[in-house]
Amino acid sequence: MTEPLIYDLGMSGRRGIRMPDPDVPETGIPAALIRDDLDLPEVSEVDVVRHYLRLSHLNYSIDQGMYPLGSCTMKYNPKINEDMAALPGFAGIHPYQDPTSVQGALELLYEAQRWLKEIGGFAGVSLQPAAGAHGEFTGILMMRAYHHARGDLKRTKVLIPDSAHGTNPASTTMSGLSVVVLPSDQRGNIDLEALKQALDDTVVGIMITNPNTLGLFEEHLVEVVTLVHEAGGLVYGDGANFNAILGVLRPGDVGFDVMHYNLHKTFSTPHGGGGPGSGPVGVSERLVPFLPGPIVDITSERDGVPVYGLVMPEKTIGRMKAFYGNFGVIVRAYTYMLANGADGLRKVSEMAVLNANYLMARLRDAWEIPYGERSCMHEFVAEGDLLDLHIMALDISKRLMDYGYHPPTNYFPLGKANSTTLNVHGALMIEPTETESKQSLDAFAEAMLAIAREAREEPDLLHAAPHHTPVGRLDEVLAAKQLVLCCRPLEKSETG
Amino acid sequence: MSYTPHTEQDIQEMLAAIGIDTVEELFHDVPADKRFPNLDLPQGRAQLDVAREITRLSERNLPANQKTIFLGAGAYNHYVPSVVGHVIQRGEFLTAYTPYQPEVSQGTLQAIFEYQSMMCALTGMEVSNASHYDGATSLAEAVIMALNVHRGKRSRTVLCSGVHPEYRQVVHTYTQGMGLEIVGDTACYVDVDKLIALIDDNTALVAIQYPDFFGQLVDIQRVIDAAHEKGALACIVVDPIALGMLKPPGHYSADIVVGEGQGLGLSLNFGGPYLGIFTTREEYVRKMAGRLVGETVDVDGKRGYVLTLATREQHIRRERATSNICTNQGLMALAAAVYVSAMGKHGLRQVAELCYHKAHYAADQIDQIPGYRVNRDYPFFKEFAVECPRPVDEINRDLLGKHNIIGGYNLERDYPERVNQMLIAVTEMNTREEIDRLVAALTEVAA
Chain A
100 MTEPLIYDLG MSGRRGIRMP DPDVPETGIP AALIRDDLDL PEVSEVDVVR HYLRLSHLNY
160 SIDQGMYPLG SCTMKYNPKI NEDMAALPGF AGIHPYQDPT SVQGALELLY EAQRWLKEIG
220 GFAGVSLQPA AGAHGEFTGI LMMRAYHHAR GDLKRTKVLI PDSAHGTNPA STTMSGLSVV
280 VLPSDQRGNI DLEALKQALD DTVVGIMITN PNTLGLFEEH LVEVVTLVHE AGGLVYGDGA
340 NFNAILGVLR PGDVGFDVMH YNLHKTFSTP HGGGGPGSGP VGVSERLVPF LPGPIVDITS
400 ERDGVPVYGL VMPEKTIGRM KAFYGNFGVI VRAYTYMLAN GADGLRKVSE MAVLNANYLM
460 ARLRDAWEIP YGERSCMHEF VAEGDLLDLH IMALDISKRL MDYGYHPPTN YFPLGKANST
520 TLNVHGALMI EPTETESKQS LDAFAEAMLA IAREAREEPD LLHAAPHHTP VGRLDEVLAA
580 KQLVLCCRPL EKSETG
Chain B
632 MSYTPHTEQD IQEMLAAIGI DTVEELFHDV PADKRFPNLD LPQGRAQLDV AREITRLSER
692 NLPANQKTIF LGAGAYNHYV PSVVGHVIQR GEFLTAYTPY QPEVSQGTLQ AIFEYQSMMC
752 ALTGMEVSNA SHYDGATSLA EAVIMALNVH RGKRSRTVLC SGVHPEYRQV VHTYTQGMGL
812 EIVGDTACYV DVDKLIALID DNTALVAIQY PDFFGQLVDI QRVIDAAHEK GALACIVVDP
872 IALGMLKPPG HYSADIVVGE GQGLGLSLNF GGPYLGIFTT REEYVRKMAG RLVGETVDVD
932 GKRGYVLTLA TREQHIRRER ATSNICTNQG LMALAAAVYV SAMGKHGLRQ VAELCYHKAH
992 YAADQIDQIP GYRVNRDYPF FKEFAVECPR PVDEINRDLL GKHNIIGGYN LERDYPERVN
1052 QMLIAVTEMN TREEIDRLVA ALTEVAA
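Sequence order for the protein chains is A and B.
Heads up, the first sequence stops at 595 in this note's numbering, and the numbers go up one at a time, no gaps.
Heads up, the second sequence stops at 1078 in this note's numbering, and the numbers go up one at a time, no gaps.
Next up, chain B with everything else stripped away, as it sits in the complex:
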C-alpha cells in the first residue's frame, strides 16, 4: 500500500487536464535505458502483515522493562512520565515542519522558547539554541564555534580524555578538514594538572565533561580558570539530570555548555533520536549554530515568537553560514520541555538525589565484595568505575545469562589501561532490591 488516494477515474481526469495520455509520459526526461528499473524488493504488504513483521523484529530484543539494567555511558534508563509521550504524539506538533511561517507555528515556537529558557536555567547560561542532533554533535559545534570566536587565529582544542569517547571521535570526524590540532584525548587523564599543562596561547577551546565519562566530579573551576588565563573558551559537557542538584557550569564561568538531553524524557531508543543541548553566553550568540527562537510582537502588539538571527544560517548565508545545520531535534526539545515542566524544580532535584543516593548505596555494597574495588578518586554522581576480578565482558555474559541483569560498560573498550574496569550506572529506576540482586550476582560471578 502506498497511501495514495487516487482512483482510476481521478488519474484519467488529471491526465486529461494536463493534456497527456499516460503517467509514464511525465518521466520523459529520465534516461530511457535506466527508467523504471526492476527493484529486487518484495511487493507491498497489508498493514496487518507489516505490523506482524516489525513486531517480530522487536521481540528479538531484550528491552529495559524486561530486565534489570545498570548500563549507562551516555544513555540512561530514566523514568519517562506518561505526559511526555501523550504531548509529543499530538499530530499538531508531530506532523508540523520547521516553523518558517510563524503565524501558523506559534505552538512549536513558544514550546521551543520555553525549552530554551529551561536549558538556560538548568545550565546557568544566558542563551540556548533550539537543539543539535545529540550531545556529541553539540560538542563538535562548540569546537567550531570557538574557532570562529577566535576568527581562525587559534587552532588548538584541548579535549579531555574524560569526555565520552564517541563524542571525541565525532569531534575528530567533524573537524578533519579544518586543520585543527586536537590534544588531550589520547592519554588517560589522572589529574587536572596534566590537562591544564596542555592549554597554550594557541588554544581556542578546552572541553571537559562534568560528571566525566567515569561519573566523577572533577574540579572544573580550575580548568575553566586556566582556560581563561590563556584566553581560551571553556566548554563543559553535562548530564542535565545531574544539574538537578549540582551547581551549573554557568556558576563556574563556563563559556559553552553542551550535553546529551536524552535523560530529559526520552526513551533509550537504541541510541536515537536524542537531543543535543547547547547553551552559551549572550556575547557569542551570533557565532552559535542552530535554530533560535526569539520573542517579538505582531502587528497588533500581541506577543509572539519567531525564528531569529537567521542571517547566521545556511539558507541565507550559504557557504558563509555558522554551520550547515537545518533540521535538528525539535520534537525531542519539546519532550524535554514537557519533562522539565512535569518534574518541575522539586521533581528534577528529587530525581538527581535519588540517582546519587542509590549509586552510592550500590558503590558501598560492591566495594565490600571480595575482588571488587570501587574507584573513589573523586566524588561521583550516578556512575562509578569498579575494578573487577575478571574481564568485564565475561562478567556481563554471566550477569545476563544467569541473573537477567544487564551489567555496566566495559571501560577497557576505550581505555586499554583500565583493565577489568566496569562503569556502573544507577538511576532512580533501580530499586534497592535490584541493587542487592546485582551485588549478590557480582559476588557469585567473581570467580
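Okay, chain A solo, but in the shape it has when bound:
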C-alpha cells in the first residue's frame, strides 16, 4: 500500500483555503522582484486531510502500542499536555510582547526552572536549548567558558566513555575541543585505571551518561566525579537516561556540574516523529553565571505579587536559539511535573526500573544479556546477532514489526565496532518505560520468545521480515546512491 505524493493529487487551478480579498487599496509591486511561478501543490482542503490521514496510518506510534526504543524513553504522552499547550493564552502570545502582558508565561517558565533545579539538584537552569544534543552543546560551551574565564586556556580535551551517544563527541567537536575515548571495564562501568591515566591539566571535563547506554548504573560514580574534580575538570551529565533516577538520585548531589534534561523523553512531551524536543540545562553554583539566556527571574514585586522578567546571566555564553526555548514543549512538561508531583516522579522511575528488570528476567533464558549478572536500570541490552544461526539484530527488529511492535534501538551501543572493551554483539537496547502494564510487557516478552524459536526453526521468516508492514525492507544503499531528495526537479528559470 503506497500513498501518492501530495503533488500528484492536485489539478491545475484547484484551490485549498480561501483567503479574503484585499480591503485596502492595492499598491504596485516592483515587477523585477516578482517570481514567475511557484511549484506547489494545487489541492482542495479535503484532499489535504485525506492524504495526511492516510499517511498517518503508515506510522507506528506510542498511541498505538509499546515502543521499547532504548534511550528514547517512549512513554505515554498525556493528552492533557496537548490541551494546555494549545490554550490561547500560551499559543497566541508573541515573544516580544511587553513582559507585563505575559506574566503567566514567565511565571510558568520560572516554575519550570525551579522544578528542574530541585529534581536535578542544581543551582541554576536555562530552558533555552531546543533538544538534547543542543543541551549538550550548551553544556560543553559553558565548561569551556568556565575554564577560559579563570585564564586556563590549556584545557582542550573532553573525556567520553565508549558507550556514549554519538551526540557527545559531536557536541565536543562543535565546541572546538577534542575527544578522548574512555574504555569500559568488565562490569560495563567506566574503566577507572584508564580514567586516572587520561586525567591531567589539559582536561576540560568528562561526559557521563548515567545510567549508561547499557542500562547500568555507574558503580564508581562518586569516585569518577571526585577524580575528575581533583584534576580540575568538570563533570557533564547526559540526561538522556534520567528517567531511571527521578526522585532516586539528584545528579547535583553527587557533584555533577552540568546536565541536560530531555523534556521529550523523561517529561513525557511527544517526540513528533523527530521533534520538537527541549533540552534545558541544569548547572552547579560555579557555572550559573555562564548559563545561556535569557532566563526568567523575579525582577521586582508589586502589591506583594512577584513580577517576572527576562535576564541575561552575567558571563553568559550567549543565546543558543532565538527567543526563550521551545516554550510549547515546556508547557507540556510543566503540566506533567505538576500532575506527578514529588511522589509521582519517584514512582515513575521505580516503575520504569521495575518494568525493565521484569522484562529482562522474562527474556533471560532465550536471549543473551551481556552484563546480565547485574540488575539493570530503566533499560537493558540483549544481543541480537545470532551468528551461528546467521541471524542479525536487524532481522530480529524487522520481525518484531510483524508482531505489532516498534523494534528496540538496534546496534547501539556499538560494541565491537566502536570499542575494544564493550562486549556486545548486535545490541538490541530495550526500554519499556513505566507506562507499560505487566500484561503489555508479557505480550512483548511472548513475541520475543516466539522470535527466538523462529530464529532456530524458520530463520528465513526473519531474513525476509517484515511481512505485514506497508512496505517491505527498503533499499537504503540505493537511496544514498541515487539521492532523490525532492520530487520536483527545479525548472531552469528558477535557478537563474
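Take these hints with a grain of salt, some might be off.
Said to hold, decoys possible - Stretch-level coverage of chain A by chain B, calculated; a stretch enters the list once three of its residues show a Cβ under 8 Å from a Cβ in chain B:
(1) 222–233
(2) 345–359
(3) 448–455
Derived from the structure by calculation, the hints contain no laboratory data.
Note that the structure is predicted; figures quoted are calculated from it, not measured.
Note that CB positions come from ideal geometry on N, CA and C, so glycine has one too.
Use these hints to put chain B onto chain A, whose structure you have.
Leaving out everything else, chain B in the frame of chain A:
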C-alpha cells in the same frame, strides 16, 4: 498521578519473577547517602486541579486573538488554517519517534520528503534538509557548513547587520570555539557597498537577510555576485511567506537559503517551537547538517522513503559528524507541509500579496501623521521602520493601555542609532479597520 498502570498485585508478581522482595533493592548501586532524596516540591495532583492551575497561568497573558497586534521582528501573527492543527495532533504523527525504522514510519518519512520538495520549490534551491530548531540555528549551521566547504582554509564570515539581531547572537554563541572572524554585524549597514567591501579572499560565507530585519528588499544579487567573485558562499535568510510572491534566492544564485518557518502554519507560542528551514545546492549535500529523507524502493520494487546520508551524522560519524543535531523539528515540518498544501500555489501568493498591500496602506497612512516618518530607502514587504516623535516603549505602553493595540518592535534595543524607531509588521490578519485604529491611536499618542 504518575500515569503508571501497576496494581499492587502486579508489582508483587514482577518482584517475584525478578527474585527480589522490594522495588528499592533495584537501586542498590545508587550511593546510599544520596538515595531517595526529599524533593522540596508539592505532591502530585488530580488532572482537574492541574488543568485549573495551568489555565490560570494562561489567563495572565494577553494573546493575539484578544487584541490588535502589529509586532513582528521574526515571529508573525499569520493565519493558521484549521487543518494544520487537526493533522499534527494525530497520535500517529505526534507520538512517533524519529523514523529510524522506515517500514513502520512511511507516514512521517513521506511527509518530510514532501516538505523538502516544497522548501526547494519555495526557495528555488535543489536540496532541503528535514529542519533545524529555528531560523537562528539554521543560520549558525550555514556558517559552519561554509567553513567545511572551504575545508577550514577560510575563517571569515561576513554577517550583515540587517540579519535578525538574535540570529547573529546565536552565530556568535555557536562558533565561539571555532576561531572564526565575524565581521559586518556591529555597524549598521546603510548601503550594500559597505558590506561588499568586507568580503575578502579569506571569506567563507556572506549572510544577508531578505527581506532584511527592517522589512527592506535590498539588492541581494550584487551581494551574492560579490561573494562569488571572492570565492565565498552566499547565504540568504528568508521569510518563507515573502517567497509566495518574491523571486526566490535560488534565482539569484544563492548557495544556501535559511529561514524561520513559523509563518507556515505555526502559532506564535511565545517563541517556540518553530521551524528552521535550510536549503542548498546539491553539490553541498554531503556537507549539510541535519536529517535528510530520500526516495528508494522496497524488496518488491515498491516506492518508499528512508533517512539517508546518515554517514554525515553524529550517530555514525561521532566526533567527525557535520553537526551534533539529532532531534530536530519534525512535527513543525509536517505542519509546514500541511499549511503549504492547504494554501497551495495560489493561496500562498495571496497571503503574501495581502501582507504587502496592507503593509503599504498602513505605511502610507502613518506617513501622513505629523511627527511620524516611514523609512522608504528601499522597497519593503510586510514590515517597515517608522521614526516616531517619542520613545517607542512609551508609545507602546499607551497603545496597549489605552487602545488595546500591541505596537511594533523597538529598534533602539539592538540599533542604538535608530532613536525612536519602531518596526511595524502588518499581516493578512490585520483588517483595514485595525490599521485605521492604529493610525488614529498613533496620532493620539504622538505628544
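Hints, verified against the model:
Closer than 8 Å: that is the beta-carbon criterion, and the segment 222–233 of chain A has 5 residues meeting it against chain B, so the requirement of 3 holds. Here's how the segment 345–359 of chain A fares: 6 of its residues keep a CB closer than 8 Å to some CB of chain B, so the rule of at least three is met and the hint holds. Only residues whose C-beta sits within less than 8 Å of a C-beta in chain B count toward coverage, and the segment 448–455 of chain A has 5 of them, enough to reach three; the restraint holds.
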